[in-house]
Amino acid sequence: MIQVNIQRTLHGVQGDFDLNVDLDIVEGEFVALFGPSGVGKTTLLRCLAGLEKPDRGRIAFNGSVWFDAQEHTHVPPQERHVGYMFQDYALFPNMTVRGNLEFARRKGSSRQRVDELLELMDIAELQHRKPNALSGGQKQRVALARALAAEPQLLLLDEPLSSLDPTIRSRLQDEILQLHQRMGISTIMVSHDVGEVYKLAGRVLVMEAGHIVRQGSPAEVFSSGQTTGKFRFTGEVLGIEPMDVMEALTVLVGNQIVRVAAMPDEASNLHVGARVMLVSKAFNPMIIALE
Amino acid sequence: MQAGPHNCMNKLPGKIVALECNSHMSLVDVAVEGDTFTATLLETPEQSPYLKIDQPVTLMFKETEVSLAKNLSGLISLRNRFPVVVQGIERGAIMSAIGLDYRGHSLACVITTRAVDRLQLAIGDQVEALVKANEMVLSYEH
Numbered sequence: 001m002i003q004v005n006i007q008r009t010l011h012g013v014q015g016d017f018d019l020n021v022d023l024d025i026v027e028g029e030f031v032a033l034f035g036p037s038g039v040g041k042t043t044l045l046r047c048l049a050g051l052e053k054p055d056r057g058r059i060a061f062n063g064s065v066w067f068d069a070q071e072h073t074h075v076p077p078q079e080r081h082v083g084y085m086f087q088d089y090a091l092f093p094n095m096t097v098r099g100n101l102e103f104a105r106r107k108g109s110s111r112q113r114v115d116e117l118l119e120l121m122d123i124a125e126l127q128h129r130k131p132n133a134l135s136g137g138q139k140q141r142v143a144l145a146r147a148l149a150a151e152p153q154l155l156l157l158d159e160p161l162s163s164l165d166p167t168i169r170s171r172l173q174d175e176i177l178q179l180h181q182r183m184g185i186s187t188i189m190v191s192h193d194v195g196e197v198y199k200l201a202g203r204v205l206v207m208e209a210g211h212i213v214r215q216g217s218p219a220e221v222f223s224s225g226q227t228t229g230k231f232r233f234t235g236e237v238l239g240i241e242p243m244d245v246m247e248a249l250t251v252l253v254g255n256q257i258v259r260v261a262a263m264p265d266e267a268s269n270l271h272v273g274a275r276v277m278l279v280s281k282a283f284n285p286m287i288i289a290l291e
Numbered sequence: 001m002q003a004g005p006h007n008c009m010n011k012l013p014g015k016i017v018a019l020e021c022n023s024h025m026s027l028v029d030v031a032v033e034g035d036t037f038t039a040t041l042l043e044t045p046e047q048s049p050y051l052k053i054d055q056p057v058t059l060m061f062k063e064t065e066v067s068l069a070k071n072l073s074g075l076i077s078l079r080n081r082f083p084v085v086v087q088g089i090e091r092g093a094i095m096s097a098i099g100l101d102y103r104g105h106s107l108a109c110v111i112t113t114r115a116v117d118r119l120q121l122a123i124g125d126q127v128e129a130l131v132k133a134n135e136m137v138l139s140y141e142h
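From first to last, the protein sequence lines are chains A and B.
Take the first sequence: its position 258, counting from 1, is numbered 258 in the numbering used here, and each next residue is one higher.
Take the second sequence: its position 114, counting from 1, is numbered 114 in the numbering used here, and each next residue is one higher.
For reference, chain A alone in the conformation it holds in the complex (with noise of 0.2 Å):
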């Protein structure tokens, strides 16, 4: 269990403005941060890492204290047993890749945890490249890898996939998901996807301006919109050709591709590349079971 209540003073672009988060995350859990840039979601969990500290507050981990303004303490990064994937990875660019984990083992644990990671990850082949000669998927597993290196207790992603193609994308949340659910990792997740935060996470926590403003499952906190139809799937628009008087759009939903007929109007303010929303009522879809 994490407890986390804590103040910090924020300098956004439209002024400052207070991070204020009281928050309880159960062991296991995976938890996305959901919201637009600038509102505190990475300051919260450089908080949560120690890397910086709050102004007021209190931080507990499983009943130990990370941190606690009036004791004045504040644990260090390495004690915190934290694994923190940066947005921008931060490999140490002059260590080859078994280097980048090997820095990050946990002191005392065995080298066999770095091999069971370089195999778990898929990226043994890589291990004496530098990397500058990754591709970005590549650098991806090994921010990954680096974070579980050190046999973290919680594991903070910032917009772990924000740089990478769809495919891979996809690829690799399967991947954090199958992680998450054989270790149960309690994971924190800053994503902007919303299909990304339904695929993993099991809470979504909503932040506005250093707020928490709403906060439920995927489906309570993305479905209280405005329309009535039942079925929502974000995608993007890999191609739009004319048919006949309408237009035939192929949409890029999950790891699916699907063609839908869409009406000149409709598809005059899309362009490739373009993220959309398919609604379909309740009762359209026939259903087939697949066991």
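Think of the hints as simulated: they come from the structure by calculation, not from any bench.
Incorrect hints may have been included.
[Stated by the list, open to error] Pair ranges (Cβ atoms, derived):
| no. | chain 1 | residue 1 | chain 2 | residue 2 | range |
| --- | --- | --- | --- | --- | --- |
| 1 | A | S217 | B | R91 | 45 to 51 Å |
| 2 | A | E175 | B | R114 | 48 to 54 Å |
| 3 | B | P45 | A | D55 | 41 to 47 Å |
| 4 | A | E116 | B | I94 | 55 to 61 Å |
Please read these numbers as outputs of a predicted model, since none were measured by experiment.
The beta-carbon is built from N, C-alpha and C at its ideal position, and this holds for glycine as well.
Once you have looked at the hints, place chain B on chain A.
Here is chain B on its own, set in the frame of chain A:
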């Protein structure tokens, strides 16, 4: 095609005038320009507090879900029947888009070109538009 200035499916502004509900579903009657439209929803007023009498809503329905009829007689299970005037016809090889006027609101529908020929549709024709209640989506302002 003169489908008019709408950029996302057919929309009509109205007001909820009647509600019939069971534990999962609601049958919602919406008054638009003196006509009553009906939408079936898998939602209840408990889950969706906007489902109440006098709530302003927008009825939305996809162009491909609209059927057209001329001189329709007899009984029909379909709940939404409303008079429209053909404003424009854009013929395609298989499908055609028809621009419609419903009491001053621009709507559009897409039916097969075969059906356009069978109905001998022409600009200015007064026809009846039909939409199943299942296909009606409601949206509202918060």
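Verification of the hints:
Range check, S217/A to R91/B: Cβ separation about 48 Å, and the 45 to 51 Å hint holds. E175/A and R114/B have their C-beta atoms about 50 Å apart, which keeps the hinted 48 to 54 Å range intact. Taken as a hint, the range 41 to 47 Å holds for the pair P45/B and D55/A, whose Cβ atoms sit roughly 45 Å apart. For the pair E116/A and I94/B, the beta carbons lie near 58 Å from each other, so the given range of 55 to 61 Å is met.
Comparing the model with each numbered hint stated earlier shows that all of them hold.
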